[in-house]
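Put chain P on the given structure of chain H with help from the hints.
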Amino acid sequence: MSAPSVDSVGVSADTPTGPPAGNGGSGYARFVLRRLVASVITLFGITIVSFGISVLVPVRAETVNLSQQALANPEVVAAFRAKFGLDLPIWEQYLRYLGGLLHGDLGLSQQTGNPVSTDLANYAPATLELVVYATLMSLVAGVVFGIIAAAMRNRWPDHLARIVSLVGVSLPTYWLALVGSTLFFRQLGWLPGSGRLDATMMPPPRVTGFYTVDSLLAGQFDVFQSAVAHLVLPASILAISTLGMILRFTRSSVLDGLGTDAVKAAKVKGLPTHRVLMRYGVRMASSPIITVAALSFGFLLAATVYVEQIFSWGGMGQYAYRASTNLDLSAITGISVVVAVIFLLVNFLADLLASAFDPRIRLQ
Amino acid sequence: MNTKHPRRAVAALAVAASGLLLVTACSSGDAAPAASSNPEVLVIDQSFTAQSIDPATIFQVTDAIVATGIYQTLVSYQGDDPTPQPLLASAYDVSEDGRSVTFTLDESATFANGKPVTGDDVVFSLERLRNLKSSPSYLMDGLTVTAPDEHTVVVASENPASYIPSLLTSTATSIVEADAVRAAGGSDADDAAETDGAAALFTSAENGVGSGPYQLESYDTNSQITLVSNPEWWGGDAAYERIVIRNVKNPQQQKSNVESGESQIALDIPGRVAEGISTEALDVNAYPSPEVLYLAMTMDASSPTSDPAVRDAIRLGLDYDALVQLAGPGTLRAAGIIPSNLIGSIPADDAIQTDVEAAKQMIEDAGATGSKITFDYANDYTRLAGIDYNIIAQAVQTQLAAIGLTVELNPTPTSTSLQRYIDGETQLALWSWPPDYGDPDNLLVFGPGALIGERVQWTADDAPDVVALGDTARTALGDDREPAYLAWNEALVEQAPYAYLLEPTFTLVSSSAVGAKLDPMANLNLSQIAAN
Chain H
1 MSAPSVDSVG
11 VSADTPTGPP
21 AGNGGSGYAR
31 FVLRRLVASV
41 ITLFGITIVS
51 FGISVLVPVR
61 AETVNLSQQA
71 LANPEVVAAF
81 RAKFGLDLPI
91 WEQYLRYLGG
101 LLHGDLGLSQ
111 QTGNPVSTDL
121 ANYAPATLEL
131 VVYATLMSLV
141 AGVVFGIIAA
151 AMRNRWPDHL
161 ARIVSLVGVS
171 LPTYWLALVG
181 STLFFRQLGW
191 LPGSGRLDAT
201 MMPPPRVTGF
211 YTVDSLLAGQ
221 FDVFQSAVAH
231 LVLPASILAI
241 STLGMILRFT
251 RSSVLDGLGT
261 DAVKAAKVKG
271 LPTHRVLMRY
281 GVRMASSPII
291 TVAALSFGFL
301 LAATVYVEQI
311 FSWGGMGQYA
321 YRASTNLDLS
331 AITGISVVVA
341 VIFLLVNFLA
351 DLLASAFDPR
361 IRLQ
Chain P
1 MNTKHPRRAV
11 AALAVAASGL
21 LLVTACSSGD
31 AAPAASSNPE
41 VLVIDQSFTA
51 QSIDPATIFQ
61 VTDAIVATGI
71 YQTLVSYQGD
81 DPTPQPLLAS
91 AYDVSEDGRS
101 VTFTLDESAT
111 FANGKPVTGD
121 DVVFSLERLR
131 NLKSSPSYLM
141 DGLTVTAPDE
151 HTVVVASENP
161 ASYIPSLLTS
171 TATSIVEADA
181 VRAAGGSDAD
191 DAAETDGAAA
201 LFTSAENGVG
211 SGPYQLESYD
221 TNSQITLVSN
231 PEWWGGDAAY
241 ERIVIRNVKN
251 PQQQKSNVES
261 GESQIALDIP
271 GRVAEGISTE
281 ALDVNAYPSP
291 EVLYLAMTMD
301 ASSPTSDPAV
311 RDAIRLGLDY
321 DALVQLAGPG
331 TLRAAGIIPS
341 NLIGSIPADD
351 AIQTDVEAAK
361 QMIEDAGATG
371 SKITFDYAND
381 YTRLAGIDYN
391 IIAQAVQTQL
401 AAIGLTVELN
411 PTPTSTSLQR
421 YIDGETQLAL
431 WSWPPDYGDP
441 DNLLVFGPGA
451 LIGERVQWTA
461 DDAPDVVALG
471 DTARTALGDD
481 REPAYLAWNE
491 ALVEQAPYAY
501 LLEPTFTLVS
511 SSAVGAKLDP
521 MANLNLSQIA
531 AN
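From first to last, the protein sequence lines are chains H and P. First residue of the first sequence? That's 1 in full-length UniProt numbering, and the numbers climb one at a time after it. First residue of the second sequence? That's 1 in full-length UniProt numbering, and the numbers climb one at a time after it.
This is chain H alone, in the form it adopts within the complex:
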């Protein structure tokens, strides 16, 4: 007797096989449009919050950007305020900012004197490279261990996974970074402790801004090796901070999938356990995993501020820290907007991807 095909048992409503009848292209377009509108409104809200905070902080920008002798000279202070538009009422500053934003102009950084968009274009690839690798690392490890934990529920691998996820979620990222740096750089000397490359190396010609990619494109394998060596420690520490979340989500989603009628039917029909696990449990867990991966990416974008400081990474995180401590208003707002755009974009793509896996999402 031949084994039943997977498709022949995939008839339950729990099994994601395609969009429901009668809800084709127009439903999908509405879904995309809804997400886009929500993103724009969120972005608008972020600009208001950023400006609002700058009004509430009891510090004047010139205090942190001019020398104390210069502060005593009203002419110098006036020149500074005029240069950065700080002499205008806050509402006019805000409207001008919004106007500039529509043209991609994020204003001038008081700290660097450069357009904020230029600074961010310089620093974003460093951060994105770190976050992308960290997300991929936590995704691989979290999904693999999550599946194993679900498959071996209440046995030692499951308990171990629970401990790992608890530790990952509980330990603060900055503490992990300090301990990681002390252990692997200072004590063991296995990994470099700061920067993106050895100080004596020249960065590869810029194409993507990702040193690991650009060095390969330029055929500079020694630079590639150095870039990877510098990535391992900060990326691993970031990955650990979200590993627990992905692992727990994967485990519970796979367990949910394994509890469906379709799986019971598959088991009754004699499908091997590993096939049931991968084709039903894991497949049905795909949407939540994608969603949590997107959330994890956003979390890591924020967490890089600590990690970049400790590892002198030179990306957006360090730029954000400096802008905040020096009340560089244009930079703070610019970073908020760009991070929000990246986060919204990733979530938007995750929604689209998740809806491709599970059409029910479009209906929600």
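Because the hints were derived from the structure by calculation, they are not lab data. Here a beta-carbon is modelled for each residue, glycine too, at the ideal position from N, C-alpha and C. One should not assume that every hint holds.
To be verified - Just the calculated beta-carbon pair ranges, DEER-fashion:
#, chain 1, residue 1, chain 2, residue 2, range
1, P, 185, H, 206, 21 to 31 angstroms
2, H, 206, P, 189, 31 to 41 angstroms
3, H, 169, P, 391, 26 to 36 angstroms
4, P, 189, H, 187, 51 to 61 angstroms
5, H, 29, P, 182, 50 to 60 angstroms
6, H, 166, P, 301, 51 to 61 angstroms
7, H, 81, P, 460, 25 to 35 angstroms
8, P, 372, H, 174, 29 to 39 angstroms
9, H, 103, P, 391, 19 to 29 angstroms
10, H, 217, P, 144, 55 to 65 angstroms
11, P, 434, H, 33, 51 to 61 angstroms
Claimed, not checked - Straight-line C-alpha distance at most 20 angstroms; calculated EDC-like pairs for lysine to aspartate or glutamate:
#, chain 1, residue 1, chain 2, residue 2
12, H, 83, P, 80
13, H, 83, P, 194
14, P, 517, P, 280
15, H, 83, P, 190
16, P, 249, P, 220
17, P, 517, P, 40
18, P, 249, P, 388
19, P, 115, P, 206
20, P, 517, P, 191
Below, chain P without anything else, positioned relative to chain H:
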């Protein structure tokens, strides 16, 4: 829609990336930390405070260090000698009345673009500094600059100004090649603050407008600044082919880097941390600070510190030796606002002596026992030789509690704390004053009615005799300067609402293969670093 491919693609990508990282990291693990022992490259670790490498706008420490490699001033400190020595000027002569200094330019001096350094360049550079209305523009207040001929420059003042040579050691007074800067949109005109457009020139690589041994290769205020040697340097060969200055915030990280050979100089390792370094491969040297850590006590009527008896009691009740211990090895007791390496300083033996019982009695007699005083300090400020202000503030709180005062700590970020201090809102505050040049003239801001005096509500009317002493000191000449500044300094000890705590020590940790020293202003001069 076929959903298998995206899922597999994502999974494959993730596995490939993770595997790549792990495999490559493992294979490169032992090579990484020891990266650098290229003798042609000097790596310096510093916690960056960088903002602009245009000399006429420089006031941050990192920029000042970088500028010493690219640009040159008329005079500079050589080694630890506090007397300004000729640099672009081959000689200088102070007039008898102290109102002008004539500089004779070195005729062999050239910029990296090959053009000679002329009087026009000097006038342009200093006038641009004045008219850009930037942070260091105040240095030119009351000064005029003329160039009688191509190789002579006269810097004059209406009043005697013996501090002019010291002032012209500041990197903000660096000389740039005028024609190239003008061509890039630069201006030294009165309206330069609005019209100058040369900022981009100074961050562009190898722009050629400096006369130092190095040129800028890259300027990233976030992570790394790189210099390359200037092959046309008029002073000979640069000691290094490249200098890489990295932004490393953590002192422990700096220590690990310099110990492992990944960097050759670490600039922000506090003395206490440096004590743990014991290897012949590294030199650990201490340098006196040009600034004093002090307490500012407002004279505003709403504060208990407005009572002179309370201020005297605070000065008497502080355990200075304990504070010196807390600040780390090499720290000195401060006897006045002028540090011991400048003229006019008060010998440490003459500093006020602690007498807790007397202080307690004074507080009691003043009816101030139990008075509450808010103590402001910057809880994130570590630039002063790595001293942790939190620890100093907590010690002061405990010491003043012993004489009957209740001190409430108000730790805030530097920006907030400084704003409160500038606005005159603090009752008790912990600060230091980093001078821009090595002359006590720079400290007259502490006088009554001056910049710092106003922050503690100490007006010129409160102490006209101290105002007069300050005026005398500023215009004194020759051998009269030292006693004049000493008299002013002593008057501040007696009357000013400050308590002088300590003079920290800056520590420089460097590879013994690198001849690095700090100058009298505790700055690193890149052009003076020689490869041993």
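Against the structure, the hints:
no. : hint                                : verdict
1   : P:185 <-> H:206: 21 to 31 angstroms : holds (26 angstroms)
2   : H:206 <-> P:189: 31 to 41 angstroms : holds (38 angstroms)
3   : H:169 <-> P:391: 26 to 36 angstroms : holds (33 angstroms)
4   : P:189 <-> H:187: 51 to 61 angstroms : holds (59 angstroms)
5   : H:29 <-> P:182: 50 to 60 angstroms  : holds (58 angstroms)
6   : H:166 <-> P:301: 51 to 61 angstroms : holds (57 angstroms)
7   : H:81 <-> P:460: 25 to 35 angstroms  : holds (28 angstroms)
8   : P:372 <-> H:174: 29 to 39 angstroms : holds (35 angstroms)
9   : H:103 <-> P:391: 19 to 29 angstroms : violated (50 angstroms)
10  : H:217 <-> P:144: 55 to 65 angstroms : holds (56 angstroms)
11  : P:434 <-> H:33: 51 to 61 angstroms  : holds (57 angstroms)
12  : H:83 <-> P:80                       : violated (39 angstroms)
13  : H:83 <-> P:194                      : holds (8 angstroms)
14  : P:517 <-> P:280                     : holds (17 angstroms)
15  : H:83 <-> P:190                      : holds (16 angstroms)
16  : P:249 <-> P:220                     : holds (15 angstroms)
17  : P:517 <-> P:40                      : holds (19 angstroms)
18  : P:249 <-> P:388                     : holds (15 angstroms)
19  : P:115 <-> P:206                     : holds (14 angstroms)
20  : P:517 <-> P:191                     : violated (40 angstroms)
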